[in-house]
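First to last, the protein sequences are chains V and H. Going by the working numbering, the residue at position 406 of the first sequence is 406; the numbering climbs one at a time, nothing skipped. Going by the working numbering, the residue at position 265 of the second sequence is 265; the numbering climbs one at a time, nothing skipped.
These aren't lab readings, by the way, just hints derived from the structure by calculation. Worth double-checking, as some hints may not be accurate.
[Said to hold, decoys possible] Partial pick of chain V residues on the chain H-facing surface, computed with a CB cut under 8 Å:
#1 Arg328
#2 Gly456
#3 Val575
#4 Ala578
These figures come from a predicted structure and were not determined experimentally. In this text, a Cβ means the ideal position worked out from N, Cα and C, and glycines have one as well.
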Amino acid sequence: MARVVERIEVHGTVQGVGFRPHVHRLATALGIDGDVRNVDGRVVITAAGESEDLTAFRRLVRERSPAVSRVERLEVCRLPSTAAPPPGFVVRESRAGAVAGPRSVPPDLATCAACVAELFDPADRRHRYPFVNCTDCGPRATIVEALPYDRVRTSMREFPMCAACAAEYHDPTDRRFHAEPVACPACGPALTWGALAGEDALRAAVAVVAGGGVVAVKGIGGYQLVCDAADEEAVGRLRRVKRRPRKAFAVMVRTVEDARRLSFVDDPGPLRATAAPIVLLPRRRDAGLAPSVAPGMAELGLFLPYSPLHHLLLADLARPLVVTSGNRAGEPITTSDDEARATLGPLVDGVLAHDRRIRSRYDDSVVRGRAVLRRARGLAPDPLPLPTAVASPVLALGAQLKHTTALAVGDRAFLGPHTGDLSNAATFAAFEETAAALARTQGVEPGHCAHDRHPGYLSTGHARRWPAHRRIAVQHHHAHVAATAAEHGVRGRFLGVAYDGLGYGDDGTLWGGEVLLATYRDYRRVGRVGTAPLPGGEAAVRRPARMALGYLHGAEDFGVGLDGCADALLERVGVREAEVVRRMVARGVNSPVASSVGRLFDAAAALLGLCDDATYEGEAAVLLEAAAHGEPDHDALAWRLHHRDGLWVYDPVPTLRELAAATGPKAVVAARFHTAVAHATRALVEQAADATGVHVVCLGGGVFQNRRLTDAVVRELADSGFEVHVGQRVPVNDGGISYGQAAVAAARLEG
Amino acid sequence: LGHGSGGRLMAELIDQVIARELGTRGPLEDAAVLTAADVGPGGDPVLGPGADLVLSTDGFVVTPRFFPGGDIGSLAVHGTVNDLAMRGARPIALALAFVVEEGLPVEELRLVTRSAAKAAQDVGVPVVTGDTKVVGRGAADGLYVTTTGLGVRLPGARPSAAAGRVGDVVLLSGPIGAHGTAILSAREGLGFEAEIASDSRPLHRLVAAMLDAGGEDVHVLRDPTRGGLASALNELAAASGVAVEVVEDDVPVPRAVAAACELLGLDPFHVANEGCLVAFVAPRSAPDVLAAMRARPEGAGARAVGRVVDGPAGRVTARTLIGSTRIVDMLIGEQLPRIC
Ligand SMILES: [Fe+3]
Ligand SMILES: [Mg+2]
Ligand SMILES: [Zn+2]
Ligand SMILES: [Zn+2]
Numbered sequence: 001m002a003r004v005v006e007r008i009e010v011h012g013t014v015q016g017v018g019f020r021p022h023v024h025r026l027a028t029a030l031g032i033d034g035d036v037r038n039v040d041g042r043v044v045i046t047a048a049g050e051s052e053d054l055t056a057f058r059r060l061v062r063e064r065s066p067a068v069s070r071v072e073r074l075e076v077c078r079l080p081s082t083a084a085p086p087p088g089f090v091v092r093e094s095r096a097g098a099v100a101g102p103r104s105v106p107p108d109l110a111t112c113a114a115c116v117a118e119l120f121d122p123a124d125r126r127h128r129y130p131f132v133n134c135t136d137c138g139p140r141a142t143i144v145e146a147l148p149y150d151r152v153r154t155s156m157r158e159f160p161m162c163a164a165c166a167a168e169y170h171d172p173t174d175r176r177f178h179a180e181p182v183a184c185p186a187c188g189p190a191l192t193w194g195a196l197a198g199e200d201a202l203r204a205a206v207a208v209v210a211g212g213g214v215v216a217v218k219g220i221g222g223y224q225l226v227c228d229a230a231d232e233e234a235v236g237r238l239r240r241v242k243r244r245p246r247k248a249f250a251v252m253v254r255t256v257e258d259a260r261r262l263s264f265v266d267d268p269g270p271l272r273a274t275a276a277p278i279v280l281l282p283r284r285r286d287a288g289l290a291p292s293v294a295p296g297m298a299e300l301g302l303f304l305p306y307s308p309l310h311h312l313l314l315a316d317l318a319r320p321l322v323v324t325s326g327n328r329a330g331e332p333i334t335t336s337d338d339e340a341r342a343t344l345g346p347l348v349d350g351v352l353a354h355d356r357r358i359r360s361r362y363d364d365s366v367v368r369g370r371a372v373l374r375r376a377r378g379l380a381p382d383p384l385p386l387p388t389a390v391a392s393p394v395l396a397l398g399a400q401l402k403h404t405t406a407l408a409v410g411d412r413a414f415l416g417p418h419t420g421d422l423s424n425a426a427t428f429a430a431f432e433e434t435a436a437a438l439a440r441t442q443g444v445e446p447g448h449c450a451h452d453r454h455p456g457y458l459s460t461g462h463a464r465r466w467p468a469h470r471r472i473a474v475q476h477h478h479a480h481v482a483a484t485a486a487e488h489g490v491r492g493r494f495l496g497v498a499y500d501g502l503g504y505g506d507d508g509t510l511w512g513g514e515v516l517l518a519t520y521r522d523y524r525r526v527g528r529v530g531t532a533p534l535p536g537g538e539a540a541v542r543r544p545a546r547m548a549l550g551y552l553h554g555a556e557d558f559g560v561g562l563d564g565c566a567d568a569l570l571e572r573v574g575v576r577e578a579e580v581v582r583r584m585v586a587r588g589v590n591s592p593v594a595s596s597v598g599r600l601f602d603a604a605a606a607l608l609g610l611c612d613d614a615t616y617e618g619e620a621a622v623l624l625e626a627a628a629h630g631e632p633d634h635d636a637l638a639w640r641l642h643h644r645d646g647l648w649v650y651d652p653v654p655t656l657r658e659l660a661a662a663t664g665p666k667a668v669v670a671a672r673f674h675t676a677v678a679h680a681t682r683a684l685v686e687q688a689a690d691a692t693g694v695h696v697v698c699l700g701g702g703v704f705q706n707r708r709l710t711d712a713v714v715r716e717l718a719d720s721g722f723e724v725h726v727g728q729r730v731p732v733n734d735g736g737i738s739y740g741q742a743a744v745a746a747a748r749l750e751g
Numbered sequence: 001l002g003h004g005s006g007g008r009l010m011a012e013l014i015d016q017v018i019a020r021e022l023g024t025r026g027p028l029e030d031a032a033v034l035t036a037a038d039v040g041p042g043g044d045p046v047l048g049p050g051a052d053l054v055l056s057t058d059g060f061v062v063t064p065r066f067f068p069g070g071d072i073g074s075l076a077v078h079g080t081v082n083d084l085a086m087r088g089a090r091p092i093a094l095a096l097a098f099v100v101e102e103g104l105p106v107e108e109l110r111l112v113t114r115s116a117a118k119a120a121q122d123v124g125v126p127v128v129t130g131d132t133k134v135v136g137r138g139a140a141d142g143l144y145v146t147t148t149g150l151g152v153r154l155p156g157a158r159p160s161a162a163a164g165r166v167g168d169v170v171l172l173s174g175p176i177g178a179h180g181t182a183i184l185s186a187r188e189g190l191g192f193e194a195e196i197a198s199d200s201r202p203l204h205r206l207v208a209a210m211l212d213a214g215g216e217d218v219h220v221l222r223d224p225t226r227g228g229l230a231s232a233l234n235e236l237a238a239a240s241g242v243a244v245e246v247v248e249d250d251v252p253v254p255r256a257v258a259a260a261c262e263l264l265g266l267d268p269f270h271v272a273n274e275g276c277l278v279a280f281v282a283p284r285s286a287p288d289v290l291a292a293m294r295a296r297p298e299g300a301g302a303r304a305v306g307r308v309v310d311g312p313a314g315r316v317t318a319r320t321l322i323g324s325t326r327i328v329d330m331l332i333g334e335q336l337p338r339i340c
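Kindly generate the complete structure, drawing on both the sequences and the hints.
Set out below in structure tokens:
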């Protein structure tokens, strides 16, 4: 039988996931000679063996890949027999390849079961060592300085391995064979707490938390603030420290069983995912948490320990802990030790730090059901598909809030981690760092940028630094629906339903309740929601009560007004403000109009008496959804569709009228409101489909973070025979905008 | 008013209203001559040997024409005097041109002219020439005023938008936000008229005192009119190729203005002013300049509000009380919400 020599390139998420040791094991078992190495973001194998052994080998490489890896494709080419390798199979050092192509940066992985077992095994040499890891787990993207992924290009290069660790690292049969962050108490990073180190430091931090204190803990992607989730005083203090009055805190629990004590867990899958995201779950009442952990919420954000240090804290404290990002509201999560000591130190009772540097900032990811709401640690920057490949790389600059940046290279888009509100100087700096880091790790220089049309976004300001012919402006809602379409590989024309807070429309007004007939290249508005003024612009967004007054005094006129429906609201607001707002709307003073579903939810929440002032983005809508929690489907409140200026328009005023006049329990009214919006949406889409013959629908925009609404809209549209898509891996909120911009830019550049 | 065709009625209007209110003596000329022999109010020659002339012109179209704290006439004088002052000039002469819409009550024109005359007198600068045109109904909105000012640069004065240097102290002569809020409230009847008056006032004496104290160390002077303090700082930072960091809570905003801005959804940093200035001053002279400012009534509320720092050219940030830093952007067109 003939011996064959092949070169096999493995594409996908194959670095930092134990792929080379895995290939080594397969090759050795089949008696194949050759070597394996990381080249850029790929794994390249030279293999020599009998032809059928090689076939089996390729099949196993593809099918038996390690749990956290993802093989997208193999590229195989036959080499001349002169290229035959010497006998044996070796894992080689990585090198940067000559050919540029998309490279995958491995996401961070939660501590695996084997490492947790060692962590708590008194006989193990890594017993209670807070930095234990192996090829199946540990930090990755947060410690990477450059690709290919090797220890010398991570922050672990500062820790030369001891003989024991080096032996494991070089032993192909060991679980730590080429585990780049491998470390042990003898050679690796160590904890500090002021002058204390190691176990003493940990004990001190544990004592403070147990005593009702708040501590800063250096996590994987940034510092975190930690306190006892059952201690109302501690949680209250954390709220003051973070300047976060009401937005829910995430709670870390030790096990899925502990999560079940606090919430209803139908599917433990998302909790146990290697990304270990915060998972929003329906909460149990009387679960013993401090009331101010998640006031007014029907759900809790729960997650499991994902680093050895978290495991130790949870084990030693044996109680649920509030674990939240170490920053004050609006600031990016702190990654530097100096900054943590300077800015967090004075606010808390101690800083539990260590000397492994965080190279990239990653907040915790957040998921709800199958939908990713915040794509950060463990998920970013895993590449996403692009419908059209780009010839030269495109940097997509995102929006303004929940900001992300994406880099399109070839047929992949690398969506960077969420950073926050760009008007914060530190967040803006983080945005520029992330953009530079994406290009650096991919080894490319972007040829174009894609940006929002909003003239006031700071990301648009950044775009103005580019020459005009290398800028691609993408309308906000087109980007929202294109993101959903691209994630799901939609081809051809589709109907996009963009339900959003506010985005800059093509006519210079604010949009946010749009039905678009779209391709990736272009779109046309075919339906919308009725407009209302925002009295005071952003002041109306911060104060839903004002938004309700905007509808009262200035909703787009389809014959029915809200007069006489808002007496309770007017009383709460007071004569002075009510009169000023009335005048502002009447005179058009700083009262831009918007066709926004997000603002409609705000107004509804205010009219129902659920939220007059929002302390965080989307609070009113969150409370409105929470109010309806557990309610079955009820009859819709009134809604009307009108035809105006060639567009079908949902007039929400009858809906608000009935909502304000309804006398039943708020929960029922809130549920009926959701149903009305879902029914009106179905009607809008049906009209659009009649006019265009298109039956594929992509939902996008922050309003679809509302699960009740999304489920209802998907159900309604599916009933009508539509193929419906909604963002899952890519957030439907503005965190997905940069990816949508990349998809649109790629299509436009194709010509 | 119906004097569109020129001729005798027009001459009467000029003679009876404009010239009388301005106190013009002698024959009416279409251009004024300034000679080395002219002396100013202090008795010294207006045009000294080697004087640098500074020229500025500005059109005023404000609605309403009468507002708490001033009117279009006084505003036209103050605006131009302040533009001269920001280049380190002592104003020496003003020219005044009116575009009047047919139908404007003569009495209103008289009041505006009288107010401009009084403002000029208070400033100590003669109105030396002018022009009046009446246009048909609808061709103008009531009354437009254009003022041109001539000044002489004060000795040692070199202020320029491009002269800011890293390390400079940012001085602000007084509270911000009153003018724009007062105008808006008066125009739209929003009800703040009783509490908030425009800060319209001349700043040339304040500037003279500052230059006296700081000389060439006064690098940059700017009156933050349209676009407010935010736009002024952005323009200055860009022109000087530096970054500016202000401390938000050190920037004085009168309580009534802050309350109105809150209700109207306005950022006081973006609201127009007509009676304050911002200066970048070398650190060694900053205390003296600040003291000189505070010694004058129009600078009584002067404060150091920030620093010129090393950073991206044109970047303006504001440190807030809670310790975070926000980017203070130019106002681009209407203030459209950025929150999604
Ligand atoms: Fe959006
Ligand atoms: Mg001017
Ligand atoms: Zn492990
Ligand atoms: Zn070791």
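Checklist entry - Of the numbered hints stated previously, which ones are contradicted by the structure, given in increasing order? => result 3 and 4
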